[in-house]
Structure formats: structure tokens, C-alpha cells
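J.: With these hints in hand, go ahead and build the complete structure from the sequences.
The residues making up each chain are set out below.
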Amino acid sequence: MTTKVLAIDDSRTIRNLLRVSLEGAGFEFHSACDGQEGVDIFPDVDPDVVITDINMPKMDGFGVIDSLRGGPNRTNVPILVLTTESSDELKSRARNAGATGWIVKPFDDASLVSVLRRLTGHVS
Amino acid sequence: MSGNSIRDTFFEECEELLEALVEGLSQMEQAPDDMEVVNAVFRSVHSIKGGAGAFALDRLVSFAHSFETVMDKVRDRDLAVDEKLMSLFHRAGDHLSDLVESARDETHLDDEAESGLIGELDSYLGDEAAAEEFSFDAVTLDFDGPAIELPSEDDSSAMRVFDIRFEPSRALYENGHEPLLILDALADLGELTVEADISRIPEFDAFDPADAFLSWHMRLASSEPETTLHEVFEFVEGLCDLDISVTTGPEEGPLTAPLDPEPSTGTEEPIAEIEAAEPQDEDPPYEGPPRERRKEPRGPKPTLRVDLDRVDRLINTVGELIINQAMISQRIEELDLPTVAHLTNELEAYKLLARDIQEGVMAIRAQPVKPLFQRMSRIVREASDATGKKAKMVTVGDSTEVDKTVIERLADPLTHMVRNAVDHGLEKPDGRDSAGKDPVGTIRLSASHRSGSVLIEISDDGAGLNRERILAKAIEKGLVPPDVELSDPEIDNLLFLPGFSTAGEVSALSGRGVGMDVVKNAVHALGGRVSITSTPGKGTTFAIVLPLTLAVMDGFVISVADQTMVIPISSILETIRPNPRDIHVVGTDSQVVSVRGSYVPIVDVADNLGLSRHDDTAGAGILLLVSTELQGLTALRVTAIHDQRQVVIKSLESNYAAIRGVSAATILGDGKIALILDPEELINLAHASGNDPFAQHSRMELRHG
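Protein chains in written order, with my numbering: chain A, 79 to 202; chain B, 36 to 740.
Be careful, since some hints might not be right.
[Stated by the list, open to error] Derived coverage of chain B by chain A (criterion: at least 3 residues anywhere in the stretch with Cβ under 8 Å from a Cβ of chain A; other residues may be distant):
| id | region |
| --- | --- |
| 1 | 77-87 |
| 2 | 212-221 |
| 3 | 270-277 |
Just so you know, the hints here were simulated from the structure itself, not pulled from any lab data.
Glycine is no exception: its CB is placed at the ideal position from the N, C-alpha and C atoms.
T.: Set out below in C-alpha cells:
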């Protein structure tokens with residue numbers, strides 16, 4: 079069974095880079111351009127893992143985490159935060175919000191895939 | 036999608052982000068407290084930085100980082116935006132744009148200005164600057180290679196047994212972690228034995244499936260360094276009780292200390308492999324658009340990226356279709372069928388469809404003038420800085436769409452005119468003050484559609500043209516005779532004369548005229564016209580009228596001598612069938628026509644193209660009134676006007692050779708080639724060839740006589 083990834087990022091370049099690495103590693107790739115769209119399409123895509131940027135229009139990454147982790151439709155799907163900041167503060171904030179892990183931009187394909195594998199059990 | 040095309044997309048996205056940045060900054064000027072706007076500006080810079088990092092464009096990342104950090108302070112309301120900071124943001128935005136450009140074109144960019152800007156930006160950060168800088172370094176190191184020490188030889192070869200206790204908390208599950216996967220990851224590192232502790236599982240009635248009851252005790256025999264173990268538990272630190280110790284193997288203390296908060300993932304990869312993983316170097320199978328369609332159902336607007344060549348080929352083919360349609364129409368007419376009523380109806384429908392297709396295809400090439408206009412705000416800023424004037428730019432109608440090529444070729448002339456508007460159009464702040472004007476001058480750029488053409492206006496609210504000075508200069512340069520009498524518009528148009536002004540004299544001049552002939556030529560090359568209106572004390576407006584497209588145009592099909600030709604309708608002001616009474620002979624064989632009381636020189640098209648005349652058009656024919664910058668109103672004499680139609684423009688230069696007075700060619704319905712005339716050039720030709728009696732002064736004498 080293929081592992082479905084939902085990537086939420088307002089940068090086309092980052093979405094492209096993620097698509098290329100993840101499709102190359104055998105993931106089924108879906109993307110959204112902002113937090114709101116990501117949360118909206120989440121039920122339809124029903125991903126095995128979510129990757130989200132923090133700074134985005136309409137709804138930021140923390141909003142995404144809150145939406146997915148809170149409320150009646152709460153899900154335990156792994157959520158990875160994509161961040162350019164590697165500060166501990168941001169990581170602990172993300173963790174407290176309910177994020178599963180983080181990827182520091184710029185990321186390299188190998189580590190990205192290995193992190194996803196660790197969170198989803200995906201095999202290439 | 037190959038690495039290169041991802042890179043291309045990155046730069047395309049940068050263009051969009053830079054546009055959004057410029058727009059955001061100008062909005063910030065209006066409403067500095069609107070955090071939505073500040074956020075948008077921040078995101079633009081941030082996204083450029085994020086993408087640039089992926090391509091190891093360190094200089095771009097570094098500058099964007101400084102910029103973003105200051106913007107972040109504004110976002111957090113730690114920093115108030117004043118005029119000085121706003122100006123810094125603008126300059127930083129300009130520089131970011133330069134950096135993107137130099138990264139894209141792989142050209143060198145002088146870094147003197149950059150260090151100055153970074154210094155200015157950092158001055159807003161105080162002590163934070165150093166700390167932030169450090170964090171940025173960590174990011175780049177992550178990418179370029181291992182940020183932390185690689186394990187030594189000893190570590191990697193020695194087999195050790197790790198003793199691991201792992202007790203997840205409820206939050207670990209809630210954050211989407213799966214202990215089983217963590218155990219799997221450990222098992223990948225060596226030989227793993229797992230013992231589950233189920234003692235804490237409560238009675239069935241007290242069992243909460245969301246809670247955490249299990250814990251594990253594991254032994255891992257592995258030659259992997261400890262950092263790899265840390266990595267496995269990286270994300271769950273704080274969400275579990277974890278205790279790792281080494282039971283056998285090289286002397287090492289128990290790892291009960293907090294896990295390294297920031298082990299970079301994948302740092303154990305050999306550098307070569309990391310490089311191989313860079314997107315530029317790989318070309319994995321890219322699954323085409325059908326799958327992609329679902330993935331981006333929303334966003335600003337769904338778009339499709341198409342190679343420009345393909346669009347141009349399509350446009351060309353549609354051009355052929357229009358010609359073909361014209362031919363079929365003509366053939367059917369020639370058949371002289373008795374009952375063609377419904378055939379002509381179908382034909383009319385075909386014609387409309389062909390036109391629809393053509394307009395649709397043209398629309399693909401159309402782009403809003405907004406990016407072009409936005410670039411001008413920078414020119415205004417730079418020119419006002421350089422001249423010590425204060426200016427702001429206002430744009431109107433920037434969503435007006437114009438052919439891509441037109442936009443591209445308009446960039447230089449527009450830059451010129453905008454720079455002139457600030458340099459020569461606007462007064463100095465004190466001058467404006469004493470004239471009772473706002474010390475900040477306004478440069479207004481507007482675009483609009485006007486019946487099949489595009490009108491672009493560049494206005495300033497300056498002092499208006501200094502006509503005395505312009506005339507004096509033109510006389511001094513010998514461009515007009517000293518005793519010439521010219522109307523105001525004629526004086527204004529002197530600016531467009533080649534040689535009116537040279538770059539060396541720019542700053543010494545208060546009038547306009549820096550390379551305006553260059554501007555005029557560029558606009559002409561696009562099939563457009565440029566004109567000036569100026570009101571003393573109120574300002575000056577340059578208006579550029581351009582065809583919507585370079586591929587088709589509306590023209591009159593005319594005959595000149597025996598030849599069928601086409602003349603662009605846009606250039607014709609009026610057509611006259613003259614009364615012989617109104618035609619007067621001047622000199623030996625030159626003629627003027629009296630039009631509502633003023634005399635207009637007649638230029639015979641056939642004579643000027645060197646066509647021998649078989650019909651007798653002397654004194655007869657049709658006169659087309661055209662207005663040119665150089666010669667004012669002129670009447671072109673042709674034999675007859677046959678039809679008005681849309682023609683497909685075919686370059687004569689690329690198919691044959693350039694002919695003076697002829698701008699291009701087209702194929703008519705009967706399959707014949709017809710030349711498309713360039714009225715302005717024709718008239719200039721008449722004056723240059725010397726068989727024109729209406730040198731400027733004689734015309735003036737007539738007019739004022």
C-alpha cells in the first residue's frame with residue numbers, strides 16, 4: 079500500500095521539491111497551498127502523514143496542527159513541521175501544539191525520506 | 036520534473052514573490068499598522084529565503100534572512116515603521132530583486148551595497164543580530180554537510196550493546212507517534228531484543244484506549260554511533276521517559292543526559308551522497324499532469340505553464356486559419372451562387388468562430404502590465420533619490436492586459452520616460468512648495484484599453500514643459516530654422532527629434548528630451564504612437580497608444596497605382612474624397628489640400644514607393660489624413676479604399692528584406708500578398724527624398740498666411 083503524504087506549503091518551489099523527492103521514494107503525493115486548503119482537503123486525501131510549513135497565508139502551520147489535533151475530528155496522523163528555523167523554542171512550541179516532528183529547511187531528500195519512513199513505516 | 040525545471044520554477048516563483056513584496060511594501064506605506072500586509076511582506080521574503088536555501092544560494096539566503104528578521108520585528112510590533120525604515124525596506128526589496136536576478140543569471144553582483152544594507156538592517160536588531168546570525172549558520176551547515184562531528188573510526192567499527200528503557204506518555208500517542216515504528220527503526224540499527232512491560236495495563240473497566248500504559252526495555256547490539264540512536268528518539272524527546280546507556284563496548288558514560296536538541300537528520304550520510312540527493316542532479320520519473328490536477332485544486336488561480344514557442348506556433352496557425360477563412364469567403368463570392376443565403380450564414384459563423392479562436396489564443400500571450408508598472412516604482416525611487424526630489428508613484432489600471440512581447444519591449448522606453456518624468460518633469464521640493472503644491476510629486480502610470488488598442492499614460496504633476504527653452508534649444512541645434520513659428524504641440528513634439536538632446540546634457544537641462552527619439556522609435560517598432568500634452572504649472576503627460584497584439588491588426592485594404600496594399604486603421608484620422616477646388620498646387624508639382632481652413636500637404640503614396648502610375652490619380656483618389664510627430668498633419672493620397680478587415684501581420688524583414696515605408700506584409704483573401712504601409716515612414720521618406728516642397732517653414736507660412 080502506498081503511503082500518502084499531504085504537503086502544505088505556500089511556496090511552489092518547496093512543493094515541487096517535496097513532490098520530486100517523495101514521488102521518487104514511492105509516496106503518493108498531495109499538496110495544498112495554504113493551511114486552510116490543507117485542512118479542507120485533509121479528509122478527502124486522508125493522508126498517512128502531513129508535512130506543513132509554518133508561515134503561510136490564511137492559516138499558518140500552528141493553525142493546521144490545532145485543526146487536526148483539536149476538535150471532534152481529531153486525528154493522530156503524524157504531522158511534520160517544515161521550518162527554516164531550527165530553534166529549540168520553535169520545536170518545543172510545535173511539539174506542545176501536537177506536531178509529531180520537524181524537518182529543517184533546506185532539507186535533503188535522504189533525510190526527508192528517512193524521517194517519513196520512521197513516522198509512517200513506509201517502505202520504498 | 037527535472038532539477039533544472041524546479042530551479043526555473045523557483046525563479047518564476049521569486050518573480051511573483053518579488054511582485055507581491057513590492058505591492059506589499061507600497062501597501063505598508065499606506066497602512067503601516069495592517070498586520071495582514073506586514074505578514075504578507077514577511078512571507079514573500081521568507082519564501083524566497085526558503086527556496087533559495089534548497090538551491091544553496093547562500094548569499095540570497097543570508098540577505099533575505101536579515102531582511103526577514105527586521106520584518107519579523109515589525110510583525111511582532113517590536114519595531115515601528117517610520118519613513119526611514121520604509122525606505123530601507125524598499126531598498127532591501129530592490130536589492131533582493133537584484134540578488135534573485137544575479138542568482139538566476141549567475142552573474143556577479145557588487146556586494147558593497149549589500150553589506151551596507153545588511154548593516155542598516157542589523158542596526159534595527161541590536162543584540163539579536165548576532166544570535167540570529169548564528170542560527171542561520173546552523174541552517175546552511177545542515178545542508179552543506181554534517182553540522183556535528185562525524186563519528187570517529189573507532190566508534191563506527193566497534194560493536195556495543197545499548198540498554199534502552201522507553202516509556203511513552205499519553206502525549207506521545209496524541210502527537211501521532213507510533214512506538215512500534217520507533218522499535219522498527221531501532222531494529223534497523225542492529226540486533227534488538229525487546230521486552231514489553233505490560234504491568235501497568237489496568238483492569239478492563241479502567242482502560243482508556245487513548246492513554247499510555249506500555250513501556251519497553253530493549254537491548255540493542257549495534258555498531259552505530261549514539262547519535263543515530265538519538266535521531267530515532269529525536270521527535271519523542273519530552274514525550275516519554277527515556278534512558279539509554281551503554282552496557283558493553285568502548286568506555287562511554289550512560290546517556291541519561293538530555294538528548295541533543297538538534298541533531299541534524301541524515302548527518303551521517305557521506306557528503307557525496309547528500310550532494311547526489313540534491314534536486315539539481317537528479318531526474319526522477321515525473322508523473323504527468325493528470326495526477327497532478329487533483330493535488331492543487333485551489334490556490335490563487337490554477338495556471339498552466341506552456342512553452343512560449345508552442346503558443347507562438349498556435350498563433351501562427353490561427354493566423355493561417357484567418358487567411359484561409361478570408362480565401363474561402365472570397366472563393367464563394369466569386370462562384371456567384373444563386374442561392375447562397377445559408378451558405379453565407381455559415382460562412383459568417385465560421386468567420387466569428389475563427390475570430391474567437393484567434394482572440395482566445397492572443398489572450399494566452401496577454402499579461403497584465405502590473406509587474407511592468409511595479410518595476411517603475413523602483414525607477415521613481417531611484418530617480419528621486421538621485422535628484423533630491425520627492426516623488427511617489429500611482430498606478431491606474433495595472434490589471435490591463437497587453438501582449439507579452441509588447442510588455443517586454445516597453446520596459447526600456449517606459450523606464451526612460453519615468454526617469455525623465457522625475458528628473459525633468461517634477462520640480463524640487465522647495466519649488467513645489469512655493470507653487471503651492473504637495474512637496475511630494477506624483478508620477479502617475481495608467482493603462483487602459485481603447486477600442487482595440489492599449490493606452491498607456493505617464494504623467495507628472497510638475498511644472499510642465501518649458502517651451503521657450505525647448506524651442507531655443509532646437510534652434511541652437513539647427514533642428515529648426517531660427518525664424519520658425521511653431522504651435523505649442525509642435526514645440527512639444529520637437530522633443531522627439533533625433534539629436535534634440537544628448538545624454539551629456541541631461542542634468543544641465545530643465546526641459547525634457549533625454550533620448551525621446553529612442554522612446555519614439557521603440558514605440559513605433561511596436562506599431563504604436565507616442566504623444567505629449569503639457570500644461571504649464573500642472574504637469575506633462577506622455578501617452579502611448581499600442582496595438583493589442585503584434586500578430587494581427589485592423590487595416591484598410593487600399594489600392595495604390597495597380598497594387599493592393601493595407602494601411603493600419605489606427606493611424607488614420609480621417610478619409611477625404613477631396614473636391615478639386617480644395618486642392619492647391621504649390622511650387623512646381625506639389626499640392627496641398629484645404630481641410631477646414633488649414634492647408635495640409637499631400638504625399639502621393641505611389642510616387643514615394645516608386646510605383647509607376649497607370650491610372651490617373653493626379654488630383655483625384657482618396658486622401659487619408661494622418662498625423663505624425665515630425666511633420667504634423669499630412670494627407671496620403673491613394674487610389675481607392677476597398678475594404679476594412681483584420682489582417683495577419685507577416686514580417687517582411689524575416690521573409691524578404693526591410694523596405695522603407697512598408698512595415699510588414701499580409702496575405703489577402705485571394706491569396707495575394709499585400710504590403711502593409713507605415714504611414715509615418717512614408718511621409719518621412721517624402722521629406723527626405725527632397726521632392727517635398729513643404730519644408731517646415733513653407734508649411735508654416737501657408738498655415739499662418
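J.: For which of the previously enumerated hints does the structure constitute a violation, in increasing order of number?
T.: none
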